[in-house]
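Participant: One-letter residues, chain by chain:
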Amino acid sequence: MARYLLRRLLQSLLLLALVSVIAFAILHLAPGGPLAQFVATGDLGTEDVDRLMKQYGLDRPLPIQYLDWAGSIATGDWGNSYRDQLPVLKKIGMHVGPTLELMVSSTLLAMFIGGMIGILGAVRRYSFFDHLATIGAMVALSIPTFWFGLAVIYVFSVNLGWLPAGNRETIGDGSFIDRLQHLVAPCIVLALVSTAVWSRYMRSSMLDVVNQDYIRTAKSKGVPAMQILLRHALRNALLPMITITGLHVSTLLSGALVTETVFTWPGMGRLFLDSVSNRDYPVVMGMLMFTACMVLLGSLVADLLYSVADPRIKGASK
Amino acid sequence: MNDHSSELKGSDMKRTNKIGDAPMGSLTRRDAVFAGAATFALGSLGSLGLATSARAAAPATKPTGQAILGFSQEVTVLHPLMTANEVDQGVWWNLFSPLWMLDAEGKFVPLLAKSVPTLENGGISADGLTWRVELRNDVKWHDGKPMTAEDVKYSINLMKNPAFRARNRTAFEYIASVGTEGNHVITWKLKEPYAPLTSVLSWTFIVPAHILSQNPDPNSPLFAAAPVGTGPFRFVSRKTGDHLILEANPDYFGKGPSLNRLIFKYVPDLNAMYTQFKTGEIDFIGLQGIPANFYKEATALRGRRVHAAQRGAVENLTLNLAHPALADKAVRKALNIAIDRQSICDLVYYGVPKPANNYLVPTHWASNPNLPKPEYDPKKASAMLDQAGWVRGADGIRVKNGVRLSFTNSTTTGNQLRAQTQQLIADDFKKIGVEMLIKNMVAAVLWADFWRNSEFDSLLTAPTYTIASDPDITHRFGSASIPKETKSGSNVSQYKNAGVDTLLARGRQEYNLAKRKEIYAKVQELIMDDLPFLPLFYEVQIEGTKTGLDGYANNVNALANSWNAASWRWTA
Numbered sequence: 001m002a003r004y005l006l007r008r009l010l011q012s013l014l015l016l017a018l019v020s021v022i023a024f025a026i027l028h029l030a031p032g033g034p035l036a037q038f039v040a041t042g043d044l045g046t047e048d049v050d051r052l053m054k055q056y057g058l059d060r061p062l063p064i065q066y067l068d069w070a071g072s073i074a075t076g077d078w079g080n081s082y083r084d085q086l087p088v089l090k091k092i093g094m095h096v097g098p099t100l101e102l103m104v105s106s107t108l109l110a111m112f113i114g115g116m117i118g119i120l121g122a123v124r125r126y127s128f129f130d131h132l133a134t135i136g137a138m139v140a141l142s143i144p145t146f147w148f149g150l151a152v153i154y155v156f157s158v159n160l161g162w163l164p165a166g167n168r169e170t171i172g173d174g175s176f177i178d179r180l181q182h183l184v185a186p187c188i189v190l191a192l193v194s195t196a197v198w199s200r201y202m203r204s205s206m207l208d209v210v211n212q213d214y215i216r217t218a219k220s221k222g223v224p225a226m227q228i229l230l231r232h233a234l235r236n237a238l239l240p241m242i243t244i245t246g247l248h249v250s251t252l253l254s255g256a257l258v259t260e261t262v263f264t265w266p267g268m269g270r271l272f273l274d275s276v277s278n279r280d281y282p283v284v285m286g287m288l289m290f291t292a293c294m295v296l297l298g299s300l301v302a303d304l305l306y307s308v309a310d311p312r313i314k315g316a317s318k
Numbered sequence: 001m002n003d004h005s006s007e008l009k010g011s012d013m014k015r016t017n018k019i020g021d022a023p024m025g026s027l028t029r030r031d032a033v034f035a036g037a038a039t040f041a042l043g044s045l046g047s048l049g050l051a052t053s054a055r056a057a058a059p060a061t062k063p064t065g066q067a068i069l070g071f072s073q074e075v076t077v078l079h080p081l082m083t084a085n086e087v088d089q090g091v092w093w094n095l096f097s098p099l100w101m102l103d104a105e106g107k108f109v110p111l112l113a114k115s116v117p118t119l120e121n122g123g124i125s126a127d128g129l130t131w132r133v134e135l136r137n138d139v140k141w142h143d144g145k146p147m148t149a150e151d152v153k154y155s156i157n158l159m160k161n162p163a164f165r166a167r168n169r170t171a172f173e174y175i176a177s178v179g180t181e182g183n184h185v186i187t188w189k190l191k192e193p194y195a196p197l198t199s200v201l202s203w204t205f206i207v208p209a210h211i212l213s214q215n216p217d218p219n220s221p222l223f224a225a226a227p228v229g230t231g232p233f234r235f236v237s238r239k240t241g242d243h244l245i246l247e248a249n250p251d252y253f254g255k256g257p258s259l260n261r262l263i264f265k266y267v268p269d270l271n272a273m274y275t276q277f278k279t280g281e282i283d284f285i286g287l288q289g290i291p292a293n294f295y296k297e298a299t300a301l302r303g304r305r306v307h308a309a310q311r312g313a314v315e316n317l318t319l320n321l322a323h324p325a326l327a328d329k330a331v332r333k334a335l336n337i338a339i340d341r342q343s344i345c346d347l348v349y350y351g352v353p354k355p356a357n358n359y360l361v362p363t364h365w366a367s368n369p370n371l372p373k374p375e376y377d378p379k380k381a382s383a384m385l386d387q388a389g390w391v392r393g394a395d396g397i398r399v400k401n402g403v404r405l406s407f408t409n410s411t412t413t414g415n416q417l418r419a420q421t422q423q424l425i426a427d428d429f430k431k432i433g434v435e436m437l438i439k440n441m442v443a444a445v446l447w448a449d450f451w452r453n454s455e456f457d458s459l460l461t462a463p464t465y466t467i468a469s470d471p472d473i474t475h476r477f478g479s480a481s482i483p484k485e486t487k488s489g490s491n492v493s494q495y496k497n498a499g500v501d502t503l504l505a506r507g508r509q510e511y512n513l514a515k516r517k518e519i520y521a522k523v524q525e526l527i528m529d530d531l532p533f534l535p536l537f538y539e540v541q542i543e544g545t546k547t548g549l550d551g552y553a554n555n556v557n558a559l560a561n562s563w564n565a566a567s568w569r570w571t572a
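As given, the protein sequences belong to chains A and B, one line each in that order.
Residues 1 to 318 (this note's numbering) are what the first sequence spells out, left to right.
Residues 1 to 572 (this note's numbering) are what the second sequence spells out, left to right.
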């Protein structure tokens with residue numbers, strides 16, 4: 001087990017290095033630079049831009065800039081944002097909380113509702129409910145998030161006045177109830193699409209299981225239907241879901257750009273867009289590395305969990 | 001001043017029971033719904049702490065209440081001498097103070113200084129080289145230390161320090177040496193007379209020497225993370241990507257502040273920002289303002305005041321004079337009268353802005369009122385092109401000496417209104433046999449090499465031509481300011497006029513305001529005859545405040561209208 005872990009960690013490090021080189025190259029080769037934003041709005045002349053490029057070390061050859069960046073990150077220094085000078089890790093830290101709050105709540109909601117719909121659909125295959133769920137999932141997947149978000153704001157905030165029109169909290173309040181009020185709308189908007197996705201995953205995973213021999217055996221033994229469903233079918237149907245959840249961890253952290261923008265939610269998705277469009281290299285690189293780490297960690301944890309959930313896997317991973 | 005406030009009084013009270021306006025203890029409908037739900041869900045009773053930000057009507061004596069200011073740009077750097085955007089300056093006005101400032105009427109008002117130095121009051125020596133400024137002696141930094149001449153000296157020297165990531169150092173290159181006389185007099189010597197310095201210093205916020213000099217690295221990010229200034233508000237906290245909180249500085253040397261807290265809220269989406277203004281989540285909607293298509297609706301909102309604030313920027317077609325067709329002055333003159341500006345203002349911008357004929361806004365003190373008025377005459381434009389030898393080819397596009405009268409126009413992608421403007425202009429030009437092809441790109445690309453190396457044919461943008469409102473526009477139109485040639489300045493049109501150069505050099509050295517006005521009137525005449533750019537309209541930003549939040553004033557000489565938040569207060 002220890003050797004397996006070590007091997008996985010080494011593989012991960014190699015992969016991270018590769019990701020960083022590619023990301024760095026693409027980012028720096030894309031036209032434009034971090035000072036363009038100030039040219040557009042401020043009083044910067046060309047001589048100022050050149051001077052600042054030099055002061056930021058952006059005039060050096062790319063490989064040197066990369067080694068410089070990689071060297072500092074290896075020592076734990078993720079650098080500072082070009083935009084507001086704050087340390088990259090601090091910025092990520094400030095945005096990861098709101099994103100986790102939104103993504104975890106909406107994912108849990110979606111997994112729960114989607115899971116229920118999926119199980120019911122599989123058990124009552126081709127029933128009226130199953131067809132309804134299928135069509136519902138298609139519709140939910142086809143609704144553009146930004147439109148749905150605006151519609152929710154229009155109805156529940158502008159017209160009815162029940163929900164805030166965005167933001168994570170009332171600044172200065174931030175109590176649990178206040179947070180909850182602000183969370184409801186974006187959470188539901190985000191959950192809509194993923195409920196559809198999860199319900200489809202669950203349905204097909206469940207269908208695979210209910211047709212297995214051991215289920216038929218259990219049935220013929222006279223095990224009550226509910227017990228078959230919960231103890232035999234569900235446990236096995238959840239195995240593939242663990243993998244999917246593991247792969248999903250990175251999206252939990254990378255945020256939902258559209259929903260965050262519509263609801264003025266200060267999450268990772270918006271930080272990434274703002275940073276990319278302003279060519280804030282240190283922040284973009286930091287976020288990419290952070291997300292890459294989470295993807296690798298997520299799949300590693302999923303693999304480990306898998307062996308816990310399914311004893312047959314244990315031998316294979318040694 | 002330039003603010004056509006459309007106000008609806010007699011607001012109905014239904015709207016004002018929204019969040020933020022709610023007096024302590026009263027529940028909004030939304031709160032009530034949630035209180036019910038939460039009580040049900042948690043099964044817990046008792047006080048849920050639902051009272052949202054309470055705000056009593058503000059008596060002027062003790063700072064009370066708070067205002068949430070919405071901006072679609074994020075606050076970036078809190079070090080006021082570094083590169084920044086407009087909203088940053090909107091924050092600096094509240095955290096820091098310059099020696100003096102330009103008020104909404106364009107008059108210099110002393111802040112840290114006792115008076116603004118001029119030739120007349122002896123603050124500037126007769127040869128224009130030695131400046132002497134007396135400082136107030138009752139100013140304290142937010143940490144309680146007194147502000148002295150050493151701080152001003154440190155700030156100016158920081159701007160001159162080549163290792164420091166300063167914004168624009170042009171004016172400070174003219175300063176040869178800085179000195180102090182005691183604790184409250186600062187003096188400096190110039191290499192040559194430089195009149196724009198007064199304006200530049202009105203945007204130079206003084207930083208604390210006792211804190212910054214501790215750190216050997218002038219670019220250390222530590223100061224921007226916890227800035228200390230002399231302004232009416234103190235720094236409290238910031239959440240990047242979301243908001244910044246300031247609180248009243250009880251030791252402020254000037255009048256105010258009346259508000260206890262000032263919150264700069266970042267709302268990146270303009271529609272979302274307008275919605276939050278409607279629902280009352282933000283008390284003020286600033287830069288980039290209410291989208292023009294909502295202007296009518298916004299003026300009819302109850303409990304809200306809408307301000308059509310004229311800014312310093314001029315929407316225009318910047319022409320590249322190195323383009324073989326655009327190099328011909330006759331072509332530029334014809335294009336200038338071929339654009340139906342009024343239609344652009346009416347159709348695309350809902351009649352909010354006014355057609356422009358200058359790079360200075362009409363309210364600027366040096367603006368020349370006698371320039372030719374904006375004109376729309378496609379027939380005359382066609383005749384001018386005929387006369388200049390541009391003949392229509394088989395495809396309807398004019399040609400002269402093998403050069404087709406065709407060029408591209410670029411602006412930043414994603415700006416719907418500009419895209420529509422481009423279409424209208426392209427149609428206008430097509431009528432007179434000129435082809436304008438649209439080639440848009442993202443901001444980070446457009447404002448990089450494409451702009452600085454004059455790789456464009458024409459641009460549709462809205463620059464503010466002045467720096468700190470000074471009429472010296474050498475950096476924009478001086479022949480030594482072409483970045484492609486000299487790697488300095490921002491004369492990307494590559495405009496050259498020896499007459500303009502001479503006048504600009506004279507204007508820079510002239511301290512007498514009346515004489516300066518005369519010089520720049522002539523400069524405007526020459527430039528608007530040569531037309532290195534075609535002005536379209538003067539930019540208007542539609543801002544708004546909640547009724548009851550008093551003190552808002554549009555100031556074209558500040559980059560954001562939170563400049564005077566120290567005098568904002570709640571009256572209802």
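Just so you know, the hints here were simulated from the structure itself, not pulled from any lab data.
Heads up, some of the hints might be wrong.
Unchecked claim - Heads up, incomplete: computed chain A residues facing chain B, CB under 7 Å, no partners named:
#1 Val39
#2 Asp43
#3 Thr46
#4 Lys54
#5 Ser72
#6 Thr75
#7 Asp84
#8 Leu89
#9 His95
#10 Thr261
#11 Thr264
#12 Arg279
As the list claims (entries may be wrong) - Derived Cβ-Cβ restraints for the label pairs, each shown as a range:
#13 A/Val139 with B/Asp217: 56 to 62 Å
#14 A/Ala151 with B/Ser343: 53 to 59 Å
#15 B/Gln416 with A/Ser175: 27 to 33 Å
#16 B/Asp386 with A/Ala23: 53 to 59 Å
#17 B/Asn370 with A/Ala30: 44 to 50 Å
#18 A/Met138 with B/Gly414: 27 to 33 Å
#19 A/Asp59 with B/Lys191: 25 to 31 Å
#20 A/Ala23 with B/Gln288: 53 to 59 Å
#21 B/Ser213 with A/Ala30: 52 to 58 Å
Said to hold, decoys possible - To give an idea of the chain B side of the interface with chain A (calculated C-beta under 7 Å), a few residues:
#22 Thr76
#23 Trp131
#24 Arg132
#25 Arg136
#26 Asn168
#27 Gln214
#28 Asn215
#29 Pro218
#30 Pro221
#31 Glu247
#32 Leu270
#33 Ala272
#34 Thr279
#35 Val445
#36 Ala448
#37 Ile467
We treat Cβ as the ideally placed atom computed from N, Cα and C, and that holds for glycine.
Participant: Now tell me if each hint is right for this structure.
Facilitator: Hints versus structure:
{"no.": "1", "hint": "Val39", "verdict": "holds (4 Å)"}
{"no.": "2", "hint": "Asp43", "verdict": "holds (4 Å)"}
{"no.": "3", "hint": "Thr46", "verdict": "holds (4 Å)"}
{"no.": "4", "hint": "Lys54", "verdict": "violated (10 Å)"}
{"no.": "5", "hint": "Ser72", "verdict": "violated (14 Å)"}
{"no.": "6", "hint": "Thr75", "verdict": "violated (18 Å)"}
{"no.": "7", "hint": "Asp84", "verdict": "holds (4 Å)"}
{"no.": "8", "hint": "Leu89", "verdict": "violated (12 Å)"}
{"no.": "9", "hint": "His95", "verdict": "holds (6 Å)"}
{"no.": "10", "hint": "Thr261", "verdict": "holds (5 Å)"}
{"no.": "11", "hint": "Thr264", "verdict": "holds (5 Å)"}
{"no.": "12", "hint": "Arg279", "verdict": "holds (5 Å)"}
{"no.": "13", "hint": "A/Val139 with B/Asp217: 56 to 62 Å", "verdict": "holds (57 Å)"}
{"no.": "14", "hint": "A/Ala151 with B/Ser343: 53 to 59 Å", "verdict": "violated (33 Å)"}
{"no.": "15", "hint": "B/Gln416 with A/Ser175: 27 to 33 Å", "verdict": "violated (39 Å)"}
{"no.": "16", "hint": "B/Asp386 with A/Ala23: 53 to 59 Å", "verdict": "holds (56 Å)"}
{"no.": "17", "hint": "B/Asn370 with A/Ala30: 44 to 50 Å", "verdict": "holds (48 Å)"}
{"no.": "18", "hint": "A/Met138 with B/Gly414: 27 to 33 Å", "verdict": "holds (30 Å)"}
{"no.": "19", "hint": "A/Asp59 with B/Lys191: 25 to 31 Å", "verdict": "holds (29 Å)"}
{"no.": "20", "hint": "A/Ala23 with B/Gln288: 53 to 59 Å", "verdict": "violated (31 Å)"}
{"no.": "21", "hint": "B/Ser213 with A/Ala30: 52 to 58 Å", "verdict": "violated (39 Å)"}
{"no.": "22", "hint": "Thr76", "verdict": "holds (4 Å)"}
{"no.": "23", "hint": "Trp131", "verdict": "violated (22 Å)"}
{"no.": "24", "hint": "Arg132", "verdict": "violated (27 Å)"}
{"no.": "25", "hint": "Arg136", "verdict": "violated (27 Å)"}
{"no.": "26", "hint": "Asn168", "verdict": "holds (5 Å)"}
{"no.": "27", "hint": "Gln214", "verdict": "violated (17 Å)"}
{"no.": "28", "hint": "Asn215", "verdict": "violated (13 Å)"}
{"no.": "29", "hint": "Pro218", "verdict": "violated (10 Å)"}
{"no.": "30", "hint": "Pro221", "verdict": "holds (4 Å)"}
{"no.": "31", "hint": "Glu247", "verdict": "violated (11 Å)"}
{"no.": "32", "hint": "Leu270", "verdict": "violated (11 Å)"}
{"no.": "33", "hint": "Ala272", "verdict": "holds (5 Å)"}
{"no.": "34", "hint": "Thr279", "verdict": "holds (4 Å)"}
{"no.": "35", "hint": "Val445", "verdict": "holds (4 Å)"}
{"no.": "36", "hint": "Ala448", "verdict": "holds (4 Å)"}
{"no.": "37", "hint": "Ile467", "verdict": "holds (4 Å)"}
In this structure, the hints that do not hold are numbers 4, 5, 6, 8, 14, 15, 20, 21, 23, 24, 25, 27, 28, 29, 31 and 32, in rising order.
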